[in-house]
Amino acid sequence: MTYLTPSSPSPAVLAVTGLSKAFTLHLRDGLRLPVVSGADFSVAAGECVALGGPSGAGKSSLLKMVYGNYRVDAGAILVTDGPERVDIARAAPRRILKLRRERIGYVSQFLRVIPRVSTLDVVAEPLRLDGASPEAAAGRARDLLARLNLPERLWSLPPATFSGGEQQRVNIARGFIAPRDLLLLDEPTASLDAANSAAVVELIAGKKAEGTAILGIFHDAAVRTAVADRVIDVTRFGASQ
Amino acid sequence: MAAPLSDEAPLLVAEGLSRLYGARIGCTDVDLEVYPGEVLAVVGESGSGKSTLLSLLSTELAPTSGRVLYRMDNGLRDLSALSEAERRLLLRTQWGFVRQNAEQGLRMAVSAGGNVGERLMAVGWRNYGDIRAEATSWLDRVEIAADRIDDDPRAFSGGMRQRLQIARNLVTRPRLVFMDEPTGGLDVSVQARLLDLIRSLVSDLGAAVIIVTHDLAVARLLSHRIMVMRHGRVIEAGLTDQVLDDPQEPYTQLLVASVLAA
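These protein sequence lines are chains A and B, in that order.
When we follow our numbering, the leftmost residue of the first sequence carries the number 1, and every step to the right adds one.
When we follow our numbering, the leftmost residue of the second sequence carries the number 1, and every step to the right adds one.
These are calculated hints, taken from the structure and not from any lab test.
Keep in mind that a hint or two might mislead.
Take a look, some chain B residues computed to stay more than 12 Å from chain A by CB distance [as the list claims (entries may be wrong)]: (1) E33; (2) E38; (3) L91; (4) A146; (5) F156; (6) L197; (7) R199; (8) R220; (9) H224; (10) D241.
Here chain B is said to cover these stretches of chain A; the calculated rule only asks that three of the stretch's residues, wherever they fall, bring their Cβ under 8 Å from a Cβ of chain B [stated by the list, open to error]: (11) 17-30; (12) 57-69; (13) 90-96; (14) 109-119.
From the three backbone atoms N, C-alpha and C, an ideal C-beta is built for every residue, glycine too.
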């Protein structure tokens, strides 16, 4: 664990430069929808940066580009991987998958449910893929689900039939279980009540203390104030032009 | 059982692979690499050339031009240069092929245990007790009850036959498995069970898989990378979630937009 002081800023875990992206809708006569243009920002270890701006400003799309889920038209997304810096905008699929396994965690707004897999296994999987024993991974998964107040009777069930808030907590537990250098959070508290939001705020604080760099979208102003060190206004990247 | 391979070099490489049927194109100018443990999905509509490509890669069909290389203990080998004995050994020991029609992938008049056990015998298992124990264990892994071991697959439902085919192909822990629409023609609930089994077994074994499917949901669930084919050509390829969530080509956008959300 590293402790950082303002006078010794750590090197960026994530550095985004000149990032531009537009969608071209071929089924709509090639209509072009600009998302961002010339986006520049970085996130250091132990720092939580919030993406701000109205709906449609391109916040989620930016997160998806950093995760390698959306393609990029121009610019670079540099992620530190040990001694290397990998440009997600140009990396081969295998390289991106390796980063996702080892460096980057992502909590999306919706859980993509895999048929028949229990909640406990869904949550424990990233830690098991890291090489933890099944028992250790399951133990950590139980701890997290308990902290997020997910009723124990649900743990052995696949999350397909859960409510939105329950699925979101499963998703958060899965995203937080394994140590990652960079964590991307897309509205992690959107469907949660105050008590469960507070549990997520605490988990985020814990990750920051461990040195995780966090880039997130937090609509809830109280949550944003509690976790974010800086807010980046995405509208300044010219999304609407 | 094959020894583990470094995953830093490709297991299978295709270069400029083409197959013409007279003047008609089966598939043309396909380049690809598959790494150990990687699942590659080939998607496209009927007639896009995806099944022709699978036949070329698995040496069931000879290419009109281009070649297929496979990493053996002595490096990458051109498969067309293998002797028939070497090719058969490879098919038996290092490869699997799961077919859409289980009747083509199973021996229908041989018991379930025999279907699994004969693959073990082909790689040198001799002790009857060991073979039966391993076959029973694999039937259990694919959720076929132990008391069905002596039944032949003609008495099995479509979903059970497909699970038996999975066991028959994975029991020897192959390095590379070809799958041609493995869930085609099955009920949706049966499909989900089969997909979950394929997903977990392939990941446990670390096998590389090339799976042909027209079902984008199957590709999303199982594959790391995807190739989209149309008129015999690869028109778009990349990370599976990237191609499906941010498709670039007009045809890929049409395919993705045509899926009904349940």
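Index of numbered hints that the structure contradicts, given in increasing order: Hints 1, 2, 6, 7, 8, 9, 10 are the ones this structure does not satisfy, whereas the remaining hints hold.
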